[in-house]
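**Q** Residues per chain, in single letters:
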Amino acid sequence: IQMTQSPSSLSASVGDRVTITCRASQGIRNELAWYQQKPGSAPNLLIFGASTLQSGVPSRFSGSGSGTDFTLTISSLQPEDFATYYCQNYNSAPQISFGQGTRLEIK
Amino acid sequence: QVQLVESGGGVVHPERSLRLSCVASGFTFNKHGIHWVRQAPGKGLEWVAVIWYDGIYKYYGDSVKGRFTISRDNSKNAVYLQMDSLTTDDTATYYCARDRRASYAEAIDFWGQGTLVIVSS
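Chains A and B are the protein sequences, given in the same order. The first sequence begins at 5 in our numbering and counts up by one. The second sequence begins at 10 in our numbering and counts up by one.
Simulated from the structure, these hints should not be mistaken for laboratory data. Glycine included, C-beta positions come from ideal geometry on N, C-alpha and C. Do not take every clue at face value.
[Stated by the list, open to error] Using 25 Å as the maximum straight-line C-alpha spacing, the simulated BS3-like pairs for lysine-lysine come out as follows:
(1) B:K67 <-> B:K85
(2) B:K52 <-> A:K111
(3) A:K42 <-> A:K111
(4) B:K40 <-> B:K67
(5) B:K85 <-> B:K40
(6) B:K52 <-> A:K42
[Stated by the list, open to error] Coverage of chain B stretches by chain A, computed from C-beta distances (three or more under 8 Å per stretch; other residues unrestricted):
(7) 61-73
(8) 105-114
[Unchecked claim] Simulated coverage check for chain A against chain B, where a stretch passes if three residues somewhere in it have a Cβ under 8 Å from a Cβ of chain B:
(9) 47-54
(10) 91-100
Make a model of the complete structure from these sequences and hints.
**A** See the structure below:
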C-alpha cells in the first residue's frame, strides 16, 4: 500500500490553521498514524486510529479520515510545531509503511 | 519512563556485516512488538523490520529481506538487528521503536534516539 502526502512542503505563520493530507493507494479503514519529527530527533507519535490523540499531545492537533483519505490539522500553529510530519499505514500489518513526509516551515 | 537505547552503529565497508542492539527499560518488554525503522540522511522514514512480543514472528521490508535478521532476548530486554551484505543504500540512522501492540503492528509510541550506520569503502 502506497501512502502519498501532500503537500511535500508548506510555509505558514504562527497562528495559522494548517492541514496536511495523506492518501492511501487502497482502503486502510482507520489504521493510520501521524508523527512529528524535528531535526536531529526521533519521530513523535501524535495520532493513531486516524483520529485518536496520543497522550500528552496538545489538543490543537487533530486527525480525521477513513478509507483512503486522511488529514492532520493544526488549529493554531505554534513556534514549536515547525517540523516534518509523516503519516503511517498499519492496515497492511505486520508490515507498515510511511508517507514521504511534509515539511512545515515558517513563512 | 520508557527508554530505548540503540548501539552498534558505525562505519562499515560494503558487503560486510554489522549488528545493532537496542536495550529497553521502563515498561514490560514482553508485551510489545519492536520495530527497526531507518532514515537515510535528509530522507524520510523507512520501515525495516518488526518482531512480535514472543520473538517467534518476524517480518521485513522488501529492501532488507534476506539480508537482515531481527531477534530479541526478553530476559535481557533487548532487540537486535543483524545486517549482512551491506550496501551504500543501507546508510542511515536506525531507530529502535516500540509498537503499541504485542503482535501484528500498529502505531509506534516510543522511539530510541537512533544509531548511525555508514556503509562506505
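**Q** Hint by hint, work out which the structure violates, then give me just those numbers in ascending order.
**A** none
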